[in-house]
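J.: Next come the chains, spelled out residue by residue.
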Amino acid sequence: MARFYVYPVWIRLWHSLNAILFLILIFTGISMQYASGERSFSLISFEKSVAWHNVAAIILTFSYVVFIIGNRITSNSKHYKIKKENFWSDLFTQLKFYSLGMFKKEKHPFPTTEDDKFNPLQKISYVLAMYVGMPVIIITGIGLLFPEILIRQFFGVSGLLITDILHVIMGFILTVFMVIHIYTCTLGDKPITLFKSMVNGYHEEHD
Amino acid sequence: MKITLTFITAILSVIYLSDNDGPVLQEPQQEEFQIQKGIENNIFAEDNEKCLVCHGEPYFEITDTATGVTRKRTMISEYLINRDEYYRSNHWSFACTDCHSYDLEVFPHPVSARLEEPYNCNDCHGYDEQYAHFQFEKIQVEYDESIHAEIEGFNCWKCHDPHSYEVTARNTDNFEEVILYGNNICLDCHSNFERFQLLTEREETKIVEMHDWLPNQESHFRSVRCIECHTEISDSILIAHKVLPGDQAVKRCTECHSSDSRLLATLYKFQSKQFRADVGFLNGVILNQSYVIGANRNVILNVLSYIIFAGIILVILIHVFFRIIKRV
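Order-wise, the sequence lines are chains F and R. If you count the first sequence from 1, position 40 lands on 40 in the numbering used here, and the numbers rise without skipping. If you count the second sequence from 1, position 112 lands on 112 in the numbering used here, and the numbers rise without skipping.
Treat the hints with caution; some may be incorrect.
To be verified - Keeping only pairs whose Cα atoms sit at most 30 Å apart, straight-line, the calculated DSSO-like set for lysine-lysine is: (1) F/Lys190 to R/Lys326; (2) F/Lys81 to F/Lys48; (3) F/Lys96 to R/Lys326; (4) F/Lys96 to F/Lys78; (5) F/Lys81 to F/Lys190; (6) F/Lys96 to F/Lys83; (7) F/Lys190 to F/Lys117; (8) R/Lys251 to F/Lys48; (9) F/Lys117 to F/Lys78; (10) F/Lys48 to F/Lys107; (11) R/Lys158 to R/Lys206; (12) F/Lys107 to F/Lys96; (13) F/Lys196 to R/Lys326; (14) F/Lys107 to F/Lys117; (15) F/Lys105 to F/Lys83; (16) F/Lys83 to F/Lys117; (17) R/Lys72 to R/Lys158; (18) R/Lys326 to F/Lys117; (19) R/Lys326 to F/Lys104; (20) F/Lys84 to F/Lys96; (21) R/Lys251 to R/Lys158; (22) F/Lys96 to F/Lys196; (23) R/Lys206 to F/Lys48; (24) R/Lys158 to R/Lys138; (25) F/Lys105 to R/Lys326; (26) F/Lys107 to R/Lys251; (27) F/Lys190 to F/Lys96.
None of these hints come from the bench; they were simulated from the model.
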């Protein structure tokens, strides 16, 4: 059985905090988006949703800054480097493995190593989530938290409206990302293997 | 920061704009021809000037005819008329003596004339076909039930100064102007203790502190009028006049931030009754001027999100099914 230490303590702490904050933000965000007067759908009251959403978002912003700095000053950023050559074919290979290969008990096309812990599909989705999705949702979130900094009207449309729509769309995309991320984390040797890795830091894989 | 946000939001705004036919905000003009407001168009302006020579200036002169001594005195603010405001107001075309006794043309004014009872709104506007669409009678009923009616000495003029009041909500598509004008009427007393204490012995109201609980206070103050939360919604009249005691004001966010937002029955009531192109947003009329989280949702995006989410869950369930079958 192969066993590598690929998730340092700071990454595990950041990841756990991020996961908790994501869940809070999703639940409170849905409560605000679908707020209703009498026929209440909201999971949490609007007032509490606003307060929790704001606090969680501020902590998430700081934790994102920690992630960016951490990636700059440690070697963790190497795992996010996407190779241009064979980009699409590697993605297709990984997708083919998830949809067919794994059911035929084929070997992982891109096994985890100490130098390359993510497969091509993980890399592109993590890079898009962390370097595109997160900045957009944080910047638009800051705009909604401090609406006075937003432009009032943009070509006759409320700046607040545009910012919020962008925020909600990105919130939805990141929610979808999280659902898929959690599911794909059950695709280890056993359904809980990859979750254990995030606790002890070791990636385990049977030969 | 502004530039960054502008850039980020530009693409969506262009998409949105291409679908927006724009609102119809103004009430259709009832008369084709309307005389332009202004002192130059008031046929009584010259006569009015006899009053405004004192009441239009911060100081006036009084002479003792026996001794010939002339003294300058300050005009008290309650009797001071701003010419510009007056000739811009709803009553701009009037002569002073249309509402005030002719006896006041004598100076010094006789006591009997000074003690005249001022007209009320309904003395002129009530039960008159010409003003029926304003529904002054219903306004009176609501006012009589309001907290203001309990205050001795309170009347229509405390909020609607007949020498300066202008109808705004019906005549403009500029909501900022409507909100600012409306809120200034309230703040005239509620943030001016000198005026406030003339009517009540209550402690000074500290508006900002009292609304501490309100998130993004500045944005709320700029986007809605005080009466949105401090009056009972009126089914029939355009602007509710039943002002509620402070402890009965709306404090639940979802009263506005929800699919059935009360703003449609208050600030956007007039516009809600007008035609507006539907761009797929719930309560789309609000989008003309603002955006209210919870009240404005894009129906198309909502449906799309349900389909995408359901599709993903379906794919995951199929994957799980085959994992169980194949024991992977």
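J.: If a hint holds in the structure, say so; if it does not, say that too.
T.: Now the hints, each set against the structure:
With a C-alpha separation of about 14 Å, the suggested pairing of F/Lys190 with R/Lys326 holds against the 30 Å cut-off. Between the alpha carbons of F/Lys81 and F/Lys48 the distance comes to roughly 40 Å, so the proposed pair goes past 30 Å and is violated. This hinted pair checks out: F/Lys96 and R/Lys326 have alpha carbons roughly 16 Å apart, not beyond 30 Å. The suggested pairing of F/Lys96 with F/Lys78 holds, with an alpha-carbon distance near 25 Å, which does not exceed 30 Å.
Between F/Lys81 and F/Lys190 the CA atoms are separated by roughly 28 Å; this keeps the pair inside 30 Å, and the hint holds. As the CA atoms of F/Lys96 and F/Lys83 are separated by approximately 19 Å, the hinted pair is consistent with the 30 Å bound. Among the hinted pairs, F/Lys190 with F/Lys117 is consistent with the structure: their alpha-carbon atoms are about 18 Å apart, no more than 30 Å. For the hint pairing R/Lys251 with F/Lys48, the CA-to-CA distance comes to about 13 Å; that is within 30 Å, so the pair holds.
Between F/Lys117 and F/Lys78 the CA atoms are separated by roughly 10 Å; this keeps the pair inside 30 Å, and the hint holds. For the hint linking F/Lys48 to F/Lys107, the alpha-carbon distance of about 48 Å lies beyond 30 Å, and the restraint is violated. With a C-alpha separation of about 20 Å, the suggested pairing of R/Lys158 with R/Lys206 holds against the 30 Å cut-off. Taking the CA atoms of F/Lys107 and F/Lys96, the gap is about 12 Å. The hint holds against a cut of 30 Å.
For the hint linking F/Lys196 to R/Lys326, the alpha-carbon distance of about 24 Å falls within 30 Å, and the restraint holds. With a C-alpha separation of about 16 Å, the suggested pairing of F/Lys107 with F/Lys117 holds against the 30 Å cut-off. Using a Cα cut-off of 30 Å, the hinted pair F/Lys105 and F/Lys83 holds, with the two alpha carbons roughly 27 Å apart. The hinted pair formed by F/Lys83 and F/Lys117 meets the criterion: a straight-line CA distance of about 14 Å does not exceed 30 Å.
For the proposed pair R/Lys72 and R/Lys158, the alpha carbon gap of about 28 Å is at most 30 Å, so the pair holds. In summary, the hint linking R/Lys326 to F/Lys117 is supported, as the alpha carbons are separated by about 26 Å, within the 30 Å threshold. Under the criterion of a C-alpha separation no larger than 30 Å, the hint pairing R/Lys326 with F/Lys104 is consistent with the structure, at around 8 Å. Note on F/Lys84 and F/Lys96: the hinted pairing holds, with a Cα-Cα distance of about 19 Å set against a maximum of 30 Å.
Among the hinted pairs, R/Lys251 with R/Lys158 is consistent with the structure: their alpha-carbon atoms are about 26 Å apart, no more than 30 Å. Only pairs whose Cα atoms come within 30 Å are accepted, and F/Lys96 paired with F/Lys196 is accepted, the gap being roughly 26 Å. For the hint linking R/Lys206 to F/Lys48, the alpha-carbon distance of about 25 Å falls within 30 Å, and the restraint holds. In summary, the hint linking R/Lys158 to R/Lys138 is supported, as the alpha carbons are separated by about 19 Å, within the 30 Å threshold.
Our distance criterion of 30 Å between C-alpha atoms is met by F/Lys105 and R/Lys326, whose separation comes to about 9 Å. About 60 Å separates the Cα atoms of F/Lys107 and R/Lys251, which puts this hinted pair outside 30 Å; it is violated. At roughly 20 Å between alpha-carbon atoms, F/Lys190 and F/Lys96 fall within 30 Å of each other, so this suggested pair holds.
In summary, the numbered hints that this structure violates are 2, 10, 26.
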